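Here are the chains, one letter per residue:
There are 2 protein chains.
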Amino acid sequence: MIWTGLDIATALSDALEKRPGSSPVYFLCSANTHSLCLSLIEMVEINVPSSHVFVVPDGENAKTLSTCESIYLWMQSAGALRNALLINVGGGALCDVGGFCAATYLRGIAFWNIPTTLLAMVDASVGGKNGINLLHHKNYIGTFQQPEKVFVSPHWLSTLSHPELLSGWAEVIKHGIIAGGKHFQQVMKPRPAISDQQAWLGLIEWNIKLKARIVESDFIEKGDRKLLNLGHTVGHALESWSHDVKLPISHGCAVAWGLVYETKIAIKVSPNRAETQRLYEDLKMLVKSIYDPIPRIEGDIAVLMNYIQADKKNEHHALLFSLAFAPGDCHYNINIDAEAVVQALNG
Amino acid sequence: MIWTGLDIATALSDALEKRPGSSPVYFLCSANTHSLCLSLIEMVEINVPSSHVFVVPDGENAKTLSTCESIYLWMQSAGALRNALLINVGGGALCDVGGFCAATYLRGIAFWNIPTTLLAMVDASVGGKNGINLLHHKNYIGTFQQPEKVFVSPHWLSTLSHPELLSGWAEVIKHGIIAGGKHFQQVMKPRPAISDQQAWLGLIEWNIKLKARIVESDFIEKGDRKLLNLGHTVGHALESWSHDVKLPISHGCAVAWGLVYETKIAIKVSPNRAETQRLYEDLKMLVKSIYDPIPRIEGDIAVLMNYIQADKKNEHHALLFSLAFAPGDCHYNINIDAEAVVQALNG
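Heads up: the sequence lines are chains A and B, in that order.
Just so we're aligned: 156 in our numbering is position 153 of the first sequence, and the numbers increase by one with no gaps anywhere.
Just so we're aligned: 150 in our numbering is position 147 of the second sequence, and the numbers increase by one with no gaps anywhere.
It is worth saying that the hints were derived from the structure and are not from the lab.
These numbers come from a predicted model, not from an experiment.
Check before you lean on any hint, since a few could be wrong.
It does not matter which identical chain is meant; a pair holds if it fits inside one copy or across any two.
[Claimed, not checked] Below, a list of computed lysine-lysine pairs in the DSSO-like style, where the Cα atoms sit at most 30 angstroms apart: (1) Lys141 with Lys185; (2) Lys287 with Lys229; (3) Lys21 with Lys229; (4) Lys287 with Lys141; (5) Lys249 with Lys291; (6) Lys291 with Lys271; (7) Lys212 with Lys21; (8) Lys249 with Lys212; (9) Lys229 with Lys152; (10) Lys21 with Lys152; (11) Lys21 with Lys185; (12) Lys249 with Lys152.
Put together the whole structure using the sequences plus the hints.
See below:
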């Protein structure tokens, strides 16, 4: 169940009241979201002992086996049994690690997600993917497990920094490309003002619906769900490489530029299609106007190719891409020559 | 798919040949089963580079997050992608940790189990439960995930020590109690000779069928599957406590005596039923004749009760037991007063 709306406190209170029995509630948050979490607990006026709030490191730093161990031990020592409920209050990384722990603690307890970043609202909170990292390999460990409930509200957007907002906006752009039509038109225009919560609510709602529709049709990612990888094959490689060269770019920036480069790859596949060329020009201009430029990649194409080849979506050593040929016209499992990728990255 | 038979090498060869594409195969084994694993690889005459065999510690020592990390890193560095196949060759603990790693590596790859102990053949290899321990809390972390295939053959029984055989035999006794009728009669009689592979094959087959039937009807353990916990609530407590007091008893011995004590609890619930009394007397005699006695528990009832109360099957602090009232007449979710348990343990 995905709830969207403005009054999250009332929605959460109602849902908690409807839980059967006196099943104990465990709140997981990050250092960043601890105060949001506490104010939420206050708002819903439920009596949660302080031992039932646990704080893990911010962002990707939380996504380790050692954080999982500390979460497991916290729940075990606080007496969490199979009827326990874990509520993740935070961004995508927090929901990722919390979802993984819930899916594996006592072979699975219920969990709810309360995403507090735009990225988590439109992406990580929907779809039932969770995961932690293995060294620098992102989301190498995880499961598919749907949260029992998700509460999404633009309420938290005002707490985000500008880069955090842009990070989520890259996924919104991606969803606009997949949806096409009026949604693509919307993402090509400026973002609503943060104070315009109704506009944001509408935007968040179509993003969630789009993602939920795709995920429902293909829960374990054998087909349509791969469309959601748009921009991410090159994006993940850019992100990993930027950390290697100590010029780190954000996930959003990496995905936004990934969308641009992958449309260039689409041109290689379908060189005579004017729409693909136009999509590439439009995206390039849009991304340039919103996001930081990425560091010069020309000398490091081989390193990027290594990351792209290690992508876990590949099979039998083929390079498989999801590509957009026009707004609303995206395809997956497209087998691409390494040479074509190198050319797209190079030019 | 659960294959049972005598010629495991041919069955495994055939199944591997039928795998689509050239999906790489990763063999996981323990120090104990390493040579069995190598001889199996030789028998099936497949070309598996040595880097694709990984050895983890024997028994419960393997069931830690740190072993999981080493398994994940081995697979990652050996290039395992989503089409990889993990084959677990070993006892219950090895299949547990291997199944958990397969279920969580890249959000789930296929795995096959080749159980080499009687316990793993009749119990751990069927049912899709996997798990690792959290400190001394058994199977606190895990998932429900069915192996794609299981290959069960009495072929390996001759490699087991007497205590290992008895460990599995406790589950056979439990299954006999649940099934009732001729199967109960069989488990009350002496075990077949190890050389009589046909007799063992028949015995293993009805055990697997019984467990598979119960598991299929209730994969996530909300109902009938709880019957399989027979003997285990007291059994797990006895096992944990015996380690605390440095007089460790085997899992099988603990479960066997757990079956006896839990039948005593059943008598408290249904004091006037002659069959329950008879079952208790029969089981006590049988277990006494096969298994070592357990250390004196009289002074440590409170410690045992703590373990029983921490059992992860309990809900809302009620003590929930699965109990046998007669062969073939078992029930689950029976709410028992702590006092009745204390009395059963005491006298």
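So which of those numbered hints doesn't the model satisfy? Violated hints (numbers, rising): 1, 8, 11 and 12; every other hint is consistent with the structure.
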